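If you read the protein sequences in the order shown, they are chains H and E. Residue 154 in my numbering is what sits at position 154 of the first sequence, and the numbering runs on without skipping anything. Residue 3 in my numbering is what sits at position 3 of the second sequence, and the numbering runs on without skipping anything.
Hint data in this document are derived by calculation from the structure and do not stem from the laboratory. Treat the numbers as computed from the prediction; the structure is a model and nothing was measured. Mixed in with the good hints, there may be bad ones.
What the hints assert, rightly or not - Quick list of in silico lysine-lysine cross-link-like pairs, DSS-like style, CA-CA up to 30 angstroms:
{"no.": "1", "chain 1": "E", "residue 1": "LYS488", "chain 2": "E", "residue 2": "LYS475"}
{"no.": "2", "chain 1": "H", "residue 1": "LYS83", "chain 2": "E", "residue 2": "LYS209"}
{"no.": "3", "chain 1": "H", "residue 1": "LYS64", "chain 2": "E", "residue 2": "LYS205"}
{"no.": "4", "chain 1": "E", "residue 1": "LYS565", "chain 2": "E", "residue 2": "LYS274"}
{"no.": "5", "chain 1": "H", "residue 1": "LYS64", "chain 2": "E", "residue 2": "LYS488"}
Unchecked claim - Among the chain E residues that face chain H by a calculated CB cut under 7 angstroms, a handful are:
{"no.": "6", "residue": "SER71"}
{"no.": "7", "residue": "ASN163"}
{"no.": "8", "residue": "LYS166"}
{"no.": "9", "residue": "GLU264"}
{"no.": "10", "residue": "LYS274"}
{"no.": "11", "residue": "GLN275"}
{"no.": "12", "residue": "PRO370"}
To be verified - Calculated Cβ distances over 12 angstroms to all of chain H for the following chain E residues:
{"no.": "13", "residue": "LEU77"}
{"no.": "14", "residue": "SER80"}
{"no.": "15", "residue": "PHE103"}
{"no.": "16", "residue": "THR118"}
{"no.": "17", "residue": "ILE211"}
{"no.": "18", "residue": "ALA271"}
{"no.": "19", "residue": "ALA492"}
The beta carbon of each residue, even a glycine, is placed where N, CA and C say it ideally should be.
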Amino acid sequence: LRRYLTRRLLTLIPVVALVTFAVFLMLHMLPVDPVRMMIENEAGGSLQPVVSEQVSRQQYDEMKRQLGLDKPLLVQYGLFLYKASTGDLGRSFATRRSVVEMIAANAPSTVQLAVTGLGMAVVLGLVLGVVAALKRNTVIDAAVMGMAVTGLSLPSFWLGMMLILLISFQLGLLPVVSAAGWRGLILPALTLGLRGAAVLARLTRSSLIEILQQEYVRTAWAKGLPTRLVVFKHALRNALIPVVTVVGLQFGALLSGAVIVESVFGRPGLGSMAIQAILSKDFPVVQGAVLVLSLSYLLVNLLVDLTYPLIDPRIRLGG
Amino acid sequence: MRSRFLTITARFLPAMLLLAACGSAPTQTAPSTPQATTSETAKQTADQAKAAVSQAQAGGTLVIVSDQKPSHLDPNLHSSRFTAMINMNTHDPLIWQPEPNKFVSGLAEKWEVSADQTTFTFHLRKDVKFHDGTPLNAEAVKQTWDRIVDPKTRALQVTNFANLDKYEVVDPYTIQIKFKVPNPRFLNAASVTTIAVQSPTAIQKLGDKYIMTPVGTGPFKVEGWPNENTLVLVKNPDYKWGPETLGRTGPAYIDKVVYKFVTEESTRSAALEKQEASVVENAARSLNPQYRSDPRYQVLTFKTSGIPQYWSFNVTRYPTNDLAVRQAFEYAIDKQKIADVAFFGTVTPGKGPLTDTNWAFWPDAKNYYPYDPKKAVQLLEQAGYTRNATTQIFEKDGKPVRIRLVTSSTNDQMRSAEMAQQMLKDVGIDLVVEGMVYDATVPRYANNDYEMGRLGLSGFDPDVLWLAFHSSQIKGGSQFNRTRIESKELDAMLDKGRSLSDPTERKQLYGQIQKQILDNAYGIFLWEDHYYWVGQSCVKGWAWDPSGSYMMHNVWLEGACRNIKE
């Protein structure tokens, strides 16, 4: 197992390097100069140029030099990689804070959102999926699957707004703008989780239905085992393999969803940090955010692979 | 219950629909043009503020929900208009400017300007302390400025020190600054927070962390950032050096100001509706009719100063190289309708190259190019253009009058461009609207690949015209001369405007410049930008200074506003 882990972790490095390189290239291909962006500053469609014309060439060059933007592209990227390997992701152009510090300040909020959202998705998805599978071809099944299709088709942007409208306005239960603590977490997590729940419910249902038709399940029924034991011990466990894989993949969707959900609910987090950085051409922060987000996606999927033997002891993670 | 839900939905949905689709503009015309504006109203609000002082109640928390999250809060370093508004409440300028070109004492109780406008001497109050207890003196001013001019600081506000000769501490409470050339604009700089004095001890002590929680002398101190999207200011109980023009100089009424940064417009509107916000920055303009008619709300608007939002005609390309085409374009556009429909009545039509809030505004500009589609057609016919029988578009030598407008793809810009497109079609001009993100417009302008460009420049000084019409700004400098006009005469006038120091003389010269721009129809000045904020009616004493920053010195809360939780 250790060899397996080492190998998997080592393959992460080139993948992350490739992803950051792609982002790096994209950023630098933009027809825009971050130093100029800093100087110009658009406010409500109206530029604030008071500064720009007077910033002398010398000052402009000095700023570029200090930000490291005067060096050739490949050198800049090399420096980024080198520094990243020592745990230094540079400093934000806009806030001048260290990117590592900004990520550390924003990550807990996103992790909280993603974990709660994923938790809701898994719980809701599994319960609904199992119910639908057991009550196959009944009204309940149709209702659950109808809900799942609806859940899948709703953009999270719209869903968030509707939840605000319904739960905050109509029922007056929760605040609109994300508050501190769990009260502020429910709506965003629900918005984020419903989509995943829909995917998982459909998958659990079909996977479970297939398993329930297997001979060993029939044997279990024949032995007179109670339904609870048959479904949860024998059938569901085997039905979970594809479900767990999708949970890992869903995590990616969850992260991208977090970007939207965070801005709808005004939550701090990596998503809103990345958006703001992209808008202000804050290259180091964009790079740092991409690095962290892609890394976490890869790690979650590694984690998913590691859970396979737990679910099905026949699976061995070989070196 | 149901009916309440429906009203809320009805109020809330338009914003969402607009965001989702940005479809056809509603035909309903919004009532009334915005009221509160500039000098007149600045005075008015100051008077109102004075009147309100007698009945004011102290205490409470003001919750401002805004979409403009500051990168940091150091007024000397950034150039953000919106962050400067926060700074106006955490820092004090050396002098206040309650009305354009009228200054009163601030941190400096007296000041002198040399006759040639090169030397400025400020005599500081002796009783001022920074939020950390450090006393304010000339040495603190010097150290603040030292930090700004040090290239290592990368302070964007270093531009206020262009052509600096030197500055020096004359005595413990007097600082003098000398420029190599006349610098009539320096008093403006001294009257906003861009070069505001900051605590030298705090800068030393906080190091890297300083810019997130700067230490000034203002009525509110920066308490901190409870999370990445929330900023808290608290009252400075020792404050007693506020501007006399506000009616009182003592500490603020409210105990606390909490900013929450929410990018989503409809969420901000919802927060206002749900009483989670006292004031919402950049509220949904589409809800203007409701906000204006609902007694629970007040619209807090401010008309900026500078060049209105305008489209510049590229004079180097067909067909906008022809004065007749440019003038026909001007006559074909109903600016009032654009302001009423595309902006729901939250902006005012442009009158000329400067907003009427700029002190150098030339009043005769109003007489140019009234909406007159017949005249537009006439002008084109007289200039030898003929209408194509099938397309109904005018053409000359087989080339249609087709104008590509490169503009930003924001909802506001697109709505107004599409309205103009329809108006122009009626007079036989084909306007092609190419909306894109700002970044993408830059190379189009640089490569001269457009007939019309968009720009809006804010500025307190009429010199902002130099950026937009001086020939040096076509390829060099700011590249804001999207008209691409190279006129020796205009250049000479614009250069002269920078060096004159007498306001009367300057105003006259800028009048001529505005006339020249209008006579030649270098651009169509469409609408004057207004900040559009909405507050609960129970927020009292809100005031704007002429630079467009709000001042919370006298804000107080009544009734329901005292219960809004942070």
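Quick rundown of the hints versus the structure:
{"no.": "1", "hint": "E/LYS488 with E/LYS475", "result": "holds (16 angstroms)"}
{"no.": "2", "hint": "H/LYS83 with E/LYS209", "result": "holds (22 angstroms)"}
{"no.": "3", "hint": "H/LYS64 with E/LYS205", "result": "holds (28 angstroms)"}
{"no.": "4", "hint": "E/LYS565 with E/LYS274", "result": "holds (11 angstroms)"}
{"no.": "5", "hint": "H/LYS64 with E/LYS488", "result": "violated (34 angstroms)"}
{"no.": "6", "hint": "SER71", "result": "holds (4 angstroms)"}
{"no.": "7", "hint": "ASN163", "result": "violated (9 angstroms)"}
{"no.": "8", "hint": "LYS166", "result": "violated (18 angstroms)"}
{"no.": "9", "hint": "GLU264", "result": "holds (5 angstroms)"}
{"no.": "10", "hint": "LYS274", "result": "holds (5 angstroms)"}
{"no.": "11", "hint": "GLN275", "result": "violated (10 angstroms)"}
{"no.": "12", "hint": "PRO370", "result": "violated (25 angstroms)"}
{"no.": "13", "hint": "LEU77", "result": "violated (8 angstroms)"}
{"no.": "14", "hint": "SER80", "result": "violated (6 angstroms)"}
{"no.": "15", "hint": "PHE103", "result": "holds (19 angstroms)"}
{"no.": "16", "hint": "THR118", "result": "holds (17 angstroms)"}
{"no.": "17", "hint": "ILE211", "result": "violated (6 angstroms)"}
{"no.": "18", "hint": "ALA271", "result": "violated (5 angstroms)"}
{"no.": "19", "hint": "ALA492", "result": "holds (18 angstroms)"}
Of the numbered hints listed earlier, those contradicted by the structure are 5, 7, 8, 11, 12, 13, 14, 17, 18.
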